[in-house]
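Chemist: One-letter residues, chain by chain:
Number of protein chains: 2
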Amino acid sequence: MIKVVLIGDGNVAYQLAIALQSANNVDLIQRYSRSESNNSLFDPSIDHTTDLKHLKHADIYILAVKDEAIAEVAALIPDLNGIVVHTSGAMGLEQLGRHQRIGVIYPVQSLSIQQKINLKKVPFAIEASSKEDLDVIRTLISHISEHVFDLDSAKREKLHITAVFANNFSNFMFSCAEDLCQQFDIPFDILRPLIVETGKKIQYLDPLEAQTGPAKRLDHEVIQKHKKELKGMQKEIYTLLTEAIIKTYQKNNHGKKL
Amino acid sequence: MIKVVLIGDGNVAYQLAIALQSANNVDLIQRYSRSESNNSLFDPSIDHTTDLKHLKHADIYILAVKDEAIAEVAALIPDLNGIVVHTSGAMGLEQLGRHQRIGVIYPVQSLSIQQKINLKKVPFAIEASSKEDLDVIRTLISHISEHVFDLDSAKREKLHITAVFANNFSNFMFSCAEDLCQQFDIPFDILRPLIVETGKKIQYLDPLEAQTGPAKRLDHEVIQKHKKELKGMQKEIYTLLTEAIIKTYQKNNHGKKL
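Residue numbers (our numbering), protein chains in the order written: chain A, 48 to 305; chain B, 48 to 305.
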């Protein structure tokens with residue numbers, strides 16, 4: 048049994064608690080959170096403390112807290128023999144400060160309390176300060192996910208950049224669409240099936256093949272009509288992304304018939 | 048029985064053929080395509096012609112051809128008594144030229160031959176030049192989709208703009224992520240579960256609530272680190288979208304605690 052203490056009560060902590068509790072060979076022995084406000088979200092049978100001095104002895108302490116709180120919380124954790132890991136894509140190992148045995152478990156997924164997700168299908172990028180601890184971390188994460196891979200801090204930061212495009216920026220495109228629906232008096236619900244399918248397509252197509260629309264087919268007439276209806280930030284975004292798509296397909300079709 | 052002739056053999060024609068064939072009270076009596084090259088994709092029991100002069104008498108002729116071909120193909124269709132409709136979000140009714148009874152059925156979905164899709168869940172925006180023909184079109188489309196709504200050409204063009212953001216631009220974000228994965232030597236497969244979830248979330252959250260990432264949380268340190276790793280077009284996109292997200296959340300959080 049790998050004994051785990053979970054620190055934090057946000058989106059990542061919530062999903063990890065569920066996965067760790069149902070995993071074989073894993074014992075989630077304790078949760079820590081600064082306040083008791085989110086306690087009702089968690090299984091009350093898990094021992095809970097609001098005092099870092101009362102942390103139990105465990106093999107792994109998982110800091111599932113906000114990026115900017117990692118260094119501060121890590122500094123407050125007493126010296127214990129277990130491995131201290133954080134869950135951030137953007138932060139390096141060094142955030143864990145003076146602790147001797149440190150590591151990272153980064154779930155490449157946008158997790159939220161609103162929706163329970165099957166972590167089995169979520170890839171985890173893992174890292175540790177020693178080969179032995181990396182083995183312990185890999186064993187633990189293998190119990191909750193089928194996709195565990197090693198990635199050092201430098202490369203994890205790069206993966207995080209790709210995730211910003213794949214998730215943050217694509218979601219912001221949905222947000223622009225919603226804002227335009229309000230401007231145009233069109234119910235946003237009409238777009239929801241399109242949005243789901245946009246993501247699903249990438250399970251069996253490369254995004255380059257899945258691309259459609261006026262920019263891809265160099266339809267300058269439609270592009271001009273669209274620009275006339277847009278203003279401000281959304282016009283700037285439309286212009287830049289349209290140019291970028293045109294360039295991308297000119298490059299990729301170099302020598303091929305369009 | 049509503050008799051339908053389907054003109055075209057691309058993505059939209061393929062999906063419509065399947066839906067029309069399995070619909071109650073609809074008889075897909077003929078298909079037209081310029082060549083026979085895609086014939087193997089279609090049920091061979093549907094009568095097929097490559098000559099527009101041989102079109103059968105039908106209630107509705109559906110032009111499922113590329114935007115830029117609509118006017119040309121419409122002009123070549125002989126004078127028949129049925130309603131001639133196109134399937135484009137970007138094009139007006141006037142593309143159908145001299146025909147007396149005209150309309151539009153625009154599926155708000157990115158359709159492809161690679162993946163059969165359930166059109167029942169796909170919203171269709173419909174339009175016609177007369178109230179009577181709009182009723183016929185509505186009856187037809189109600190047999191293949193649960194979500195049929197009336198939209199005139201001007202508003203359909205606006206809906207198309209929102210779909211460019213919701214689909215074309217979000218897909219291009221996935222494309223940028225894939226390109227970056229190649230640059231950084233990270234397998235793109237790691238991002239596929241994140242991409243699916245990004246779209247699925249919008250079924251139960253508004254994009255404004257679903258937004259996460261360094262721009263949303265004003266994490267300037269991470270933003271600067273990311274910019275250092277990017278160049279060219281991707282750096283421009285990162286910069287513009289990061290600014291836009293920051294502005295959006297400042298606006299929406301005006302007066303609220305961040």
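Because the hints were derived from the structure by calculation, they are not lab data. Given the structure is predicted, the values throughout are model-derived calculations rather than measurements. Treat each hint with caution, since some may be false.
It does not matter which identical chain is used: a pair holds within one copy or between any two.
[Said to hold, decoys possible] Calculated cross-link-like contacts (lysine-lysine; reagent style DSS-like; alpha-carbon spacing at most 27 Å):
hint : residue 1 : residue 2
1    : 168       : 294
2    : 100       : 282
3    : 205       : 167
4    : 263       : 298
5    : 274       : 163
6    : 50        : 100
7    : 278       : 163
8    : 178       : 274
9    : 178       : 50
10   : 50        : 278
11   : 274       : 167
12   : 100       : 298
13   : 100       : 274
14   : 163       : 247
15   : 272       : 50
16   : 247       : 263
17   : 272       : 167
18   : 167       : 278
Chemist: Determine for every hint whether it applies to the structure shown.
Modeler: Outcome of the hint check:
1. 168 <-> 294: neither (34 Å within a copy, 34 Å between copies)
2. 100 <-> 282: Neither: 54 Å inside a chain and 45 Å across chains, both beyond 27 Å.
3. 205 <-> 167: within (23 Å within a copy, 41 Å between copies)
4. 263 <-> 298: within (12 Å within a copy, 32 Å between copies)
5. 274 <-> 163: Cα proximity of residue 274 and residue 163: none, with 40 Å in one copy and 33 Å across.
6. 50 <-> 100: within (18 Å within a copy, 77 Å between copies)
7. 278 <-> 163: Answer is neither: 38 Å inside a copy and 37 Å across each miss the 27 Å cutoff.
8. 178 <-> 274: For residue 178 and residue 274, the Cα distance exceeds 27 Å both inside one copy (55 Å) and across copies (32 Å).
9. 178 <-> 50: Close inside one copy (19 Å), not across copies (70 Å); limit 27 Å.
10. 50 <-> 278: So residue 50 and residue 278 fail the 27 Å test inside a copy (55 Å) and across (44 Å) alike.
11. 274 <-> 167: neither (44 Å within a copy, 32 Å between copies)
12. 100 <-> 298: Neither way: residue 100 and residue 298 sit 59 Å apart in one copy and 41 Å across, limit 27 Å.
13. 100 <-> 274: Neither way: residue 100 and residue 274 sit 59 Å apart in one copy and 39 Å across, limit 27 Å.
14. 163 <-> 247: both (19 Å within a copy, 12 Å between copies)
15. 272 <-> 50: Intra 61 Å, inter 35 Å, cutoff 27 Å: neither.
16. 247 <-> 263: Both: 20 Å inside a chain and 25 Å across chains, each within 27 Å.
17. 272 <-> 167: neither (46 Å within a copy, 31 Å between copies)
18. 167 <-> 278: Neither, since 43 Å and 35 Å both go past 27 Å.
In this structure, the earlier hints numbered 1, 2, 5, 7, 8, 10, 11, 12, 13, 15, 17 and 18 are contradicted, and the remaining ones agree with it.
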